[in-house]
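For chain A, the structure is supplied; the task is to place chain B on it using the hints.
First to last, the sequence lines map onto chains A and B. Quick note on my numbering: the first sequence kicks off at 1 and runs consecutively. Quick note on my numbering: the second sequence kicks off at 1001 and runs consecutively.
Rather than coming from a laboratory, the hints here were simulated on the basis of the structure. Take these hints with a grain of salt, some might be off.
Reference listing, derived: stretches of chain B covered by chain A, where coverage requires no fewer than 3 residues with Cβ under 8 Å from a Cβ of chain A [said to hold, decoys possible]: (1) 1042–1048; (2) 1228–1240; (3) 1275–1287; (4) 1404–1412; (5) 1468–1478.
The following label-pair restraints were derived from C-beta to C-beta distances [unchecked claim]: (6) B/V1432 - A/T11: 44 to 54 Å; (7) A/T70 - B/R1353: 43 to 53 Å; (8) B/E1212 - A/G79: 47 to 57 Å; (9) B/A1228 - A/V22: 30 to 40 Å; (10) B/Y1194 - A/L66: 43 to 53 Å.
Per the computed footprint, the stretches of chain A lying under chain B, defined by three or more beta-carbons under 8 Å from a beta-carbon of chain B, are [as the list claims (entries may be wrong)]: (11) 5–16; (12) 43–52; (13) 76–82.
These numbers were taken from a predicted model, which means no experiment stands behind them. We treat Cβ as the ideally placed atom computed from N, Cα and C, and that holds for glycine.
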Amino acid sequence: MRPRLFSSRLTPTHRRIYRSVVVFFALIFLAMIWPVVTLFSHARPLVLGLPFFLFYLSVLLVGSFLVLLTLYLWEKRTGSSSDPGEGSF
Amino acid sequence: MTLGYLGISLGVGVWSGRKTSKGPEGYVAGDRALGFLVLYFILGASIFSAFAFLGGPGWAYSRGAAAFYILSYGTVGLVPWYFFGPRVARLGRKFGFVTQAELLSHRFQSKGLSAALAVISLIAFLPYLTLQMQGAGYVFNVVTEGRIPNWAGAAIAYGVVLIYVFRSGVMGVAWTNTLQGMFMMVLAWSLGLYLPWKLYGGVGAMFERLAETVPEMLRAPGLGADGAVWTWGGYSSAIIISVLGFSIWPHYFMKIFTARNERTLKRTVVFYPTFQIFLIPILFIGFAGILSYPGVRPSDAILPTILMSLDLPAVVIGLFCAGALAASMSTGDALLHAAGSILVRDFYRVLLRPDLSADQQTRLIRILVVVISAVAYYFAVMSKISLVALLLLSYGFIAQIFPVLLAALYWPRSTRPGVLAGLAAGCLVTTVWNLVPQLQWQEIHPGVWGVAANVLVMVVVSLATPPMDSEHVAQFVVD
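If we strip away everything but chain A, and leave its shape as in the complex, we get:
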């Protein structure tokens, strides 16, 4: 039994999709901490009235939301799951 993140029963395309999502969120996470965050940490310029840093975090937030929403809707339409199993879900 080797360690797996996703079910071995997934098609290669689906596995690629889930892997990309995980990578995306890992990147978002890294974008919020040192050192990447230091590139975006300034107050100016104000964007939409917000300090730049706050605007930056809001973009990450909205982006994350949209990606997961898209994944959810895709799963709903195709009936996919990263970890399908018996048990009537």
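For chain B alone, kept in the frame of chain A given last:
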């Protein structure tokens, strides 16, 4: 006047706490669109506690951009549920799990693990509980213009707990409680937008002024507890530890076992970040206070302080008090019941008395709730730590469970000794780093060192011990 506020808030608070047979969830069964909206607000109301309403603005007021760490961890914190949630729910149905410790102790075939997790959960719950009562103390103190000292305000919160316990009222999802939660969210949001407009002419104008006069408040990482610029280590590690711990909180984790289906669970995760959006205007309140209300101490009292200065009708103030109390105590209640259940089921019943009857369990849980909240009350009175710092303390311990969960579901080679040793190492390191400030480096959160030690020890010890039975492990691990 101020007694009037108190009367209104206590009245509404106690009335809303009574156990109603028809929560909004019963109502919700029929209409799906309305159902989603109501459930959304129920979730929102349960998420917002003294931490969000008081602690958030408090940090924005005193530490500026440091408060944005809260926004950060909420963005990705629940995402792990999207991936491991369905499996956890499935395992729960298959084996009849009710608590997180049951899942983990079954996977690793260890009663000791169950007991250890129960103790760790309790240690993590305490500061979280303490901050709720401390927050209530601030609210009553400010709203009565100092007539009610903090310890008495916190005692009111404790008293509310006792009322719920003895009426066996789980605050749960009584309609009135949800309405209060919604009221608080609306109030905080309105205030968050109204104040910058009233004091500066708008949100943009406010941040413009702040950028001119105190730019270090708007620039990450904001200020540290001492008023000097915070370290990147402190800021980043606060995010790291919160992300690690967020999906693990036992009282939330348990809910996975009761999820109706995978869809509902995933939908919760998808929409959670929208509550982070609600948090942004709440933080504005703190920012608005920086130049206009200098010198407010403790800084966590900034929201009620500003509120009191606005000359609002007594009803609004009273409802705010009731709402703040409800927000604090609904989280507190969930924590207490979880703490009590976990200690009884996962510690006492597992180690000492497997034959405990349901009635005995309930009675024991009640006693524990009274005792645990008394301990939290004691700390609430003694503590001078900010509400946010208290929660960060909690996170250091709860995050130690994250490697155990990952190992349980994704690493077949992990073994019982490995997990136990890792957990012990993690908690030890976290405790020592908390108690001995000289060990700290770059203000990195003690829990982060703990998790590092945890993972290292778990891996080494697991590989050094014989693998667990593969058929047993195969039931749990992703294949």
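Each hint, compared with the structure:
Chain A is given as covering the segment 1042–1048 of chain B, and this is violated because 0 residues of the stretch bring a CB closer than 8 Å to a CB of that chain, at least three being needed. For the segment 1228–1240 of chain B, the assignment as covered by chain A holds, since 6 residues bring a beta-carbon within under 8 Å of that chain's beta-carbons and 3 suffice. Restraint check on the segment 1275–1287 of chain B versus chain A: 3 residues with Cβ-Cβ distances below 8 Å, three needed, restraint holds. Residues of the segment 1404–1412 of chain B with a Cβ under 8 Å from some Cβ of chain A number 3, which satisfies the need for three, so the listed coverage holds.
With a cut-off of 8 Å between beta carbons, the segment 1468–1478 of chain B has 5 residues touching chain A; three or more are needed, and the interface restraint holds. The hinted range of 44 to 54 Å is satisfied by B/V1432 and A/T11, whose Cβ atoms lie roughly 48 Å apart. Between A/T70 and B/R1353 the Cβ separation comes to about 50 Å, which falls inside the hinted range of 43 to 53 Å. Between B/E1212 and A/G79 the CB atoms are about 55 Å apart, so this pair conforms to the stated range of 47 to 57 Å.
Taking 30 to 40 Å as the suggested C-beta distance range, the pair B/A1228 and A/V22 conforms, at roughly 37 Å. Checking the proposed 43 to 53 Å range against B/Y1194 and A/L66 shows it is violated: the Cβ atoms sit about 29 Å from each other. Coverage of the segment 5–16 of chain A by chain B holds in this model, with 4 residues showing a Cβ closer than 8 Å to a Cβ of that chain against a need of three. Counting residues of the segment 43–52 of chain A whose beta-carbon sits less than 8 Å from any beta-carbon of chain B gives 7, enough to reach three: the coverage restraint holds.
Under the rule that three or more residues need a Cβ within less than 8 Å of chain B, the assignment of the segment 76–82 of chain A holds, with 3 such residues.
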